[in-house]
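*Asks:* In case you want the letters, here they are:
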Amino acid sequence: MSQRGERGDPMADWTADEMMTVAAARQLRDGTACFVGIGLPSTAANLARATHAPNLVLIYESGCLGAKPDRLPLSIGDGILADTADAVVSVPEVFNYWLQPGRIDVGFLGAAQLDRYGNINTTVVGGDYDAPTVRLPGAGGAPEIAASCGEVVVIVRQDLRTFTERVDFVTSVGYGTGPGDRERLGLRGGGPRVVITDLGVLAPDPVTCELTLTHLHPGVTREQARAATGWDLAVADGLATGAPPTARELAVLRALEATKSDGRRQ
Amino acid sequence: MAKLVSLADGVAHLVGDGDVVALEGFTHLIPFAAGHEIIRQGRQELTLVRMTPDVIYDQLIGAGCARRLVFSWGGNPGVGSLHRFRDAVQHAWPRPLDLEEHSHAGMANRYVAGASGLPFAVLRGYTGTDLPGHTTNIRPITCPFTGETLTAVPALRPDATVVHAQRADRNGNVQMWGITGVQKEAVLAAHRSLVTVEEIVDELEPVPGQVILPGWAVTAVAEVPGGAHPSYAHGYSVRDNDFYRDWDAVSRHRDTFRAWLDEHVHKANAAA
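Quick mapping for you: the protein sequence lines, in order, are chains A and B.
Using this note's numbering, read the first sequence as starting at 18 and increasing by one per residue.
Using this note's numbering, read the second sequence as starting at -16 and increasing by one per residue.
Hints may contain errors.
To be verified - Stretch by stretch, here's where chain A covers chain B in the computed footprint (C-beta under 8 Å, at least three residues):
1) -13 to -1
2) 178 to 187
To be verified - Example chain A residues on the side facing chain B (calculated, C-beta under 10 Å, incomplete):
3) Ile55
4) Ile93
5) Ala159
6) Gly197
7) Thr225
8) Arg265
It should be emphasised that the hints constitute simulated quantities derived from the structure, not laboratory data.
All residues carry an ideal CB built from backbone N, CA and C; glycine is no exception.
All chains, please: the whole structure from these sequences, using the hints.
*Replies:* What follows is the structure in structure tokens.
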């Protein structure tokens, strides 16, 4: 995990992870419906709801539609999600009636490995499938979230182990092998719109679909971002530096993080 | 009508060596006590089915009960990896574990097909991923009406499904609420079912959002208060998040895991 001062501006009073979470939250528009994974996506989605997007509809795969937790849930089945949801539906229903027809605007995913076309691996790393070096949890809801949501936002720490030329296993499809692949596969959602890391922001090139560095977080250099990428990372013309976290964003994020310990014995 | 049984009798009669067994409960109402009873009774060669094989299957796998796992996400929710699961996959300890891996949407639909008496389910899923390359149980199918290519997955028909619920009445009618996941489908898909409950009551008072499993659709019910611990039963208990966090250290090494199993499962008396 990135530590304060190790990445980004050593004089800043926020960490690289905080910057990443704030930048990801800013990507979520008020009034949209967002399918949320646990961990970094859930933290960022709850930050968005507590700041600029009070009407963000949070959907958890446990069947909680429109959950409004006032602390960070510790799992996708945390009781506070059911207690605060507009509706609690079965797991077959959340996938078949809500995700599959394209009713959900944004899918919010993490990754263990990510390639230049935004394909995601959360299954196995190294070796082969039957004898992997590292066995990861697997697919969960991600393949269909990546296929069917209107768009996908990925939040992931950027380093050479994660940003790989080729993912060892395609768990969830981004742009496949390039332009036209999603259409050829019949994937109806739009695919990854943006990838938020602890170093900056990447977006697919409109022509090549290749993830391209569009923003750096304050204090990060393009050389740092390129050195943390396992392929020859393209950099957008007009590479910009994103805004640092506001005092309010930081205060709300830290208050949310502090609720994790409150929730241990709910 | 469902029989009211003790946990030990329910497991003894409904779960046999070599069976295909599903323990469901989507982070809520996870039948931990029943899983421990399966370990205590020394079941072997099970094909374990579960969307989210979390700590409960880590325990069953580490105890050597499983030959095969059919699943869609194997982790310790909110904490990280399952070390017993990883040890079995990466080092075949305590015995090799075959995997059949799906997505949540695929697994949920497989239960729906089983509950519906259909041979397979159809969905938009898996397309373009590497998952279909590792099992013959994910196949393309052409829609006979539109010509569109979709994905078919076979029905799940467990020999036995085990779930935990809040309440049952004396006729074995089962009532659950809160996050009810895929439990109804998993019970209806199975040849036999065992439901453990927090309490058996004279009358089931209605609760908003409840799911009722009629007693004639359930094989057996056992009263096991706290049977979902360290997960929770909405309205009865809260999730023991410290247990999940501490499991990471307990399960990381074979000797600490075995010591935990001896103390908390083998030496513990079966409830009821």
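*Asks:* Against this structure, judge whether each hint is valid.
*Replies:* Okay, the hints, checked on the actual structure:
no.: 1; hint: -13 to -1; verdict: violated (count 0)
no.: 2; hint: 178 to 187; verdict: violated (count 0)
no.: 3; hint: Ile55; verdict: 6 Å, holds
no.: 4; hint: Ile93; verdict: 6 Å, holds
no.: 5; hint: Ala159; verdict: 7 Å, holds
no.: 6; hint: Gly197; verdict: 12 Å, violated
no.: 7; hint: Thr225; verdict: 18 Å, violated
no.: 8; hint: Arg265; verdict: 27 Å, violated
Comparing the model with each numbered hint stated earlier shows that hints 1, 2, 6, 7, 8 do not hold.
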